[in-house]
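2 protein chains.
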Amino acid sequence: MPRDPAVVLVSGGMDSCVAAAIARQTYDCAFLHIDYGQRTESRELRAFRAIADHYSIARRLEVSLRHLRAVRGSSLTDPSMPVPRADLQRSGIPDSYVPFRNGGMLSVAVSWAEVIGARAVVIGAVEEDSSGYPDCRAAFFEAFNVAIERGTRPGRAPVIQTPVISLSKRQIIQRGMELGAPFHLTWSCYQDEDLACGICDSCALRLRAFQSLGLDDPIPYRERPRYHPAEP
Amino acid sequence: MPRDPAVVLVSGGMDSCVAAAIARQTYDCAFLHIDYGQRTESRELRAFRAIADHYSIARRLEVSLRHLRAVRGSSLTDPSMPVPRADLQRSGIPDSYVPFRNGGMLSVAVSWAEVIGARAVVIGAVEEDSSGYPDCRAAFFEAFNVAIERGTRPGRAPVIQTPVISLSKRQIIQRGMELGAPFHLTWSCYQDEDLACGICDSCALRLRAFQSLGLDDPIPYRERPRYHPAEP
Numbered sequence: 027m028p029r030d031p032a033v034v035l036v037s038g039g040m041d042s043c044v045a046a047a048i049a050r051q052t053y054d055c056a057f058l059h060i061d062y063g064q065r066t067e068s069r070e071l072r073a074f075r076a077i078a079d080h081y082s083i084a085r086r087l088e089v090s091l092r093h094l095r096a097v098r099g100s101s102l103t104d105p106s107m108p109v110p111r112a113d114l115q116r117s118g119i120p121d122s123y124v125p126f127r128n129g130g131m132l133s134v135a136v137s138w139a140e141v142i143g144a145r146a147v148v149i150g151a152v153e154e155d156s157s158g159y160p161d162c163r164a165a166f167f168e169a170f171n172v173a174i175e176r177g178t179r180p181g182r183a184p185v186i187q188t189p190v191i192s193l194s195k196r197q198i199i200q201r202g203m204e205l206g207a208p209f210h211l212t213w214s215c216y217q218d219e220d221l222a223c224g225i226c227d228s229c230a231l232r233l234r235a236f237q238s239l240g241l242d243d244p245i246p247y248r249e250r251p252r253y254h255p256a257e258p
Numbered sequence: 027m028p029r030d031p032a033v034v035l036v037s038g039g040m041d042s043c044v045a046a047a048i049a050r051q052t053y054d055c056a057f058l059h060i061d062y063g064q065r066t067e068s069r070e071l072r073a074f075r076a077i078a079d080h081y082s083i084a085r086r087l088e089v090s091l092r093h094l095r096a097v098r099g100s101s102l103t104d105p106s107m108p109v110p111r112a113d114l115q116r117s118g119i120p121d122s123y124v125p126f127r128n129g130g131m132l133s134v135a136v137s138w139a140e141v142i143g144a145r146a147v148v149i150g151a152v153e154e155d156s157s158g159y160p161d162c163r164a165a166f167f168e169a170f171n172v173a174i175e176r177g178t179r180p181g182r183a184p185v186i187q188t189p190v191i192s193l194s195k196r197q198i199i200q201r202g203m204e205l206g207a208p209f210h211l212t213w214s215c216y217q218d219e220d221l222a223c224g225i226c227d228s229c230a231l232r233l234r235a236f237q238s239l240g241l242d243d244p245i246p247y248r249e250r251p252r253y254h255p256a257e258p
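Chains as they are written, first to last, in this note's numbering: chain A, 27 to 258; chain B, 27 to 258.
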C-alpha cells in the first residue's frame with residue numbers, strides 16, 4: 027500500500043536527521059531545506075543533500091528565506107554579531123535565536139504540503155536540553171497547528187509532527203543509532219564550515235551528548251573540549 | 027510623543043493601501059512587500075513603491091517568497107494555469123488561492139516586527155465580499171496570533187491587526203476616500219501589468235465596488251464591463 031506523503035524539514039543537523047529517520051518509518055518523505063542566510067548555510071546545504079541522497083529521497087525542495095538575514099537580530103545571520111562561546115549553564119534566549127524562524131519555515135512546508143497532498147509536516151525541533159528558543163516549544167507548534175487547520179483548504183490541512191521535541195540530545199543520538207541515522211553526514215556547527223569549531227552552543231550540546239554515551243562523534247572538529255564530566 | 031512602530035503588509039493593491047491609510051493614523055509604519063512569484067509582481071512592486079513614496083515611508087522591506095511559485099498550485103503563480111474570467115456568483119475556493127500564502131507573509135512580518143520592536147502587524151485581508159481564501163478569515167488570524175504570542179520573545183510579540191477584514195469592497199473604497207488613500211497608485215489585476223484586464227476576479231470585485239458608489243476607478247483598464255446593476 028502506498029504510504030502517505032509527509033514534508034520533512036531537514037536542516038542538515040543532527041536533530042532533523044533523526045526526525046527524518048523516524049518519519050521514514052511511516053511516511054513517503056519529501057525533504058525541504060531552508061536557506062535563511064545563516065553563516066554555515068553552504069555546509070548545511072551540503073549535509074542536506076548528502077542525507078537526502080543517503081535516503082534516496084526523490085522529492086526535494088531548497089527554499090530561500092534570506093530575508094531572515096536582512097532583518098538581522100541573530101548571531102546566526104548577522105555578520106556583525108559574534109557567535110558566542112558555549113555556556114551550557116546560561117538561561118534565557120540565546121543570541122543565536124532567529125526571530126520567528128520556525129514560523130517562516132513551517133509556512134513554507136505547509137504551502138508545499140498542501141500542494142503535494144502531504145498529511146504531515148515533520149520538524150526536528152527540541153524543547154528541552156537545547157536552545158531556549160520560543161519557537162521550539164510544543165505550545166508553539168500546537169498553536170501553529172490550529173492556524174494551519176484554519177488557514178488551508180478544508181480536508182487538506184497537514185499536521186505538524188515533532189518526533190524529537192521531548193528528547194534530550196543524548197536520547198536523540200540513541201534513537202538515531204537504533205535507526206541507523208547517518209550522523210557522519212550531518213552538520214551542527216553554528217560558526218564554521220570545514221572543521222566544526224567545537225565551542226559554539228550547538229557543537230557543545232552535540233559533543234556533550236556523544237561524550238555522555240561514551241561514543242565518538244563521527245564528524246571532524248577543530249577542538250573537542252570535554253563537556254561531559256568523566257565518571258569518578 | 028513618538029508613535030509605536032507597526033509593520034504593514036502592502037501588496038500594492040487597494041485593500042492593503044486602505045489598511046495602510048488606517049494604520050498611519052495610529053502607528054509609525056514600516057512597509058513590507060512580498061514577491062511570491064505572482065504573474066503581476068513587477069507591476070505590484072511598482073505600486074508598492076509609489077504608495078510608500080506617497081506616504082514618505084522610510085522603513086521598507088521587499089522580500090522574496092518565490093518558493094510559492096516553485097510549489098505551484100495557484101493560477102496566480104503557475105503559468106500553466108489560466109487566470110479565470112470573473113464569476114462573482116461562484117462559491118468555494120478559487121483557483122487563485124495560493125496555499126498558505128498568508129502564513130508565509132505574516133511570518134516574514136513577525137520576524138521583522140520582532141527585530142524593530144513593532145507592536146502590530148497590519149494586513150489588508152478581507153473576509154467577506156472577496157475571495158473565499160481560507161487564510162483570509164478572521165479565525166485564521168486569531169489562531170496565528172496565538173502562535174505569535176507563543177513563538178516570539180516574551181514581551182515582544184506583535185499582534186496581527188486586520189482593519190478592513192469585515193468591510194465590503196465598497197466600504198473599503200469609502201474608508202479610503204475619507205482618508206485620502208492614493209487609489210490611483212494601486213494595482214489589483216491578477217493578469218496584466220500595463221492596462222488592468224477588467225475581467226479577472228480581482229478587477230471585477232474592484233470595478234463593481236467603484237460602480238456601486240457611482241465613482242470612476244482612477245486606474246486604466248483594457249475593458250470596463252458593467253458589474254453593478256444600474257439603479258432602475
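Hints are supplied without guarantee of correctness; some may be wrong.
[Said to hold, decoys possible] Some, not all, of what chain B presents toward chain A, calculated at C-beta under 8 Å:
{"no.": "1", "residue": "85"}
{"no.": "2", "residue": "89"}
{"no.": "3", "residue": "106"}
{"no.": "4", "residue": "109"}
{"no.": "5", "residue": "114"}
{"no.": "6", "residue": "115"}
{"no.": "7", "residue": "117"}
{"no.": "8", "residue": "154"}
{"no.": "9", "residue": "158"}
{"no.": "10", "residue": "160"}
{"no.": "11", "residue": "163"}
{"no.": "12", "residue": "166"}
{"no.": "13", "residue": "169"}
{"no.": "14", "residue": "170"}
{"no.": "15", "residue": "177"}
[As the list claims (entries may be wrong)] Quick list of simulated restraints, FRET-style, between CB atoms:
{"no.": "16", "chain 1": "B", "residue 1": "52", "chain 2": "A", "residue 2": "168", "range": "28 to 36 Å"}
{"no.": "17", "chain 1": "B", "residue 1": "121", "chain 2": "A", "residue 2": "28", "range": "35 to 43 Å"}
{"no.": "18", "chain 1": "B", "residue 1": "52", "chain 2": "A", "residue 2": "252", "range": "51 to 59 Å"}
{"no.": "19", "chain 1": "A", "residue 1": "179", "chain 2": "B", "residue 2": "204", "range": "33 to 41 Å"}
[Claimed, not checked] Residues of chain B placed beyond 10 Å of chain A at every Cβ, according to the derived structure:
{"no.": "20", "residue": "83"}
{"no.": "21", "residue": "122"}
{"no.": "22", "residue": "175"}
{"no.": "23", "residue": "246"}
Just so you know, the hints here were simulated from the structure itself, not pulled from any lab data. Every residue gets a Cβ at the ideal spot worked out from N, C-alpha and C, and that includes glycine.
Results for each hint:
With 8 Å as the threshold, the beta carbon of residue 85/B stays out of range of chain A, its nearest partner Cβ sitting at about 11 Å, so the hint is violated. Because the smallest distance between the Cβ of residue 89/B and any Cβ of chain A comes to about 4 Å, under 8 Å, the interface hint for this residue holds. For residue 106/B, the suggested interface contact is broken, since its CB lies about 13 Å from the closest CB of chain A, more than 8 Å. The restraint placing residue 109/B at the interface with chain A is violated, with a minimum CB-CB distance near 18 Å, outside the 8 Å limit.
With its C-beta approaching chain A no nearer than about 21 Å, residue 114/B sits outside the 8 Å limit, and its interface hint is violated. Interface hint status for residue 115/B: violated, as the beta-carbon distance to the closest one in chain A is roughly 20 Å, over 8 Å. Among the interface hints, the one on residue 117/B is violated; its C-beta lies about 13 Å from the nearest C-beta in chain A, farther than the 8 Å criterion. Contact between residue 154/B and chain A, as hinted, is not supported at the beta carbon level, the nearest pair being about 16 Å apart and thus beyond 8 Å.
A cut of 8 Å between beta carbons decides the hint on residue 158/B: the least distance to chain A is about 10 Å, and the hint is violated. Given the 8 Å rule on beta carbons, the hint for residue 160/B holds: about 5 Å separates it from the nearest Cβ of chain A. Of the supplied interface hints, the one on residue 163/B holds, with its beta-carbon coming within about 7 Å of a beta-carbon of chain A, less than 8 Å. The criterion of a C-beta within 8 Å of any C-beta in chain A is met by residue 166/B, whose closest approach is roughly 4 Å, and the hint holds.
A distance limit of 8 Å between C-beta atoms decides the matter here; for residue 169/B the minimum to chain A is near 4 Å, and the interface restraint holds. At its closest, the beta carbon of residue 170/B sits 5 Å from a beta carbon of chain A; the interface hint therefore holds under the 8 Å criterion. Given hint, residue 177/B at the interface with chain A, holds; its Cβ is 4 Å from that chain's nearest Cβ, closer than 8 Å. For the pair residue 52/B and residue 168/A, the supplied restraint of 28 to 36 Å holds, since their beta-carbon distance comes to about 31 Å.
A C-beta distance of roughly 27 Å is found between residue 121/B and residue 28/A, which places it outside the suggested range of 35 to 43 Å. Range check, residue 52/B to residue 252/A: Cβ separation about 55 Å, and the 51 to 59 Å hint holds. Checked against the hint of 33 to 41 Å, the pair residue 179/A and residue 204/B passes, with Cβ atoms roughly 36 Å apart. The beta carbon of residue 83/B is kept farther than 10 Å from every beta carbon of chain A, the shortest such distance being approximately 16 Å.
In this structure residue 122/B is separated from chain A by more than 10 Å, as the shortest Cβ-Cβ distance comes to about 13 Å. The Cβ of residue 175/B does not lie farther than 10 Å from every Cβ of chain A; its closest approach is about 8 Å, which violates its non-interface assignment. Remark: the non-interface label on residue 246/B is consistent with the geometry, its nearest Cβ contact in chain A lying 32 Å away (cut-off 10 Å).
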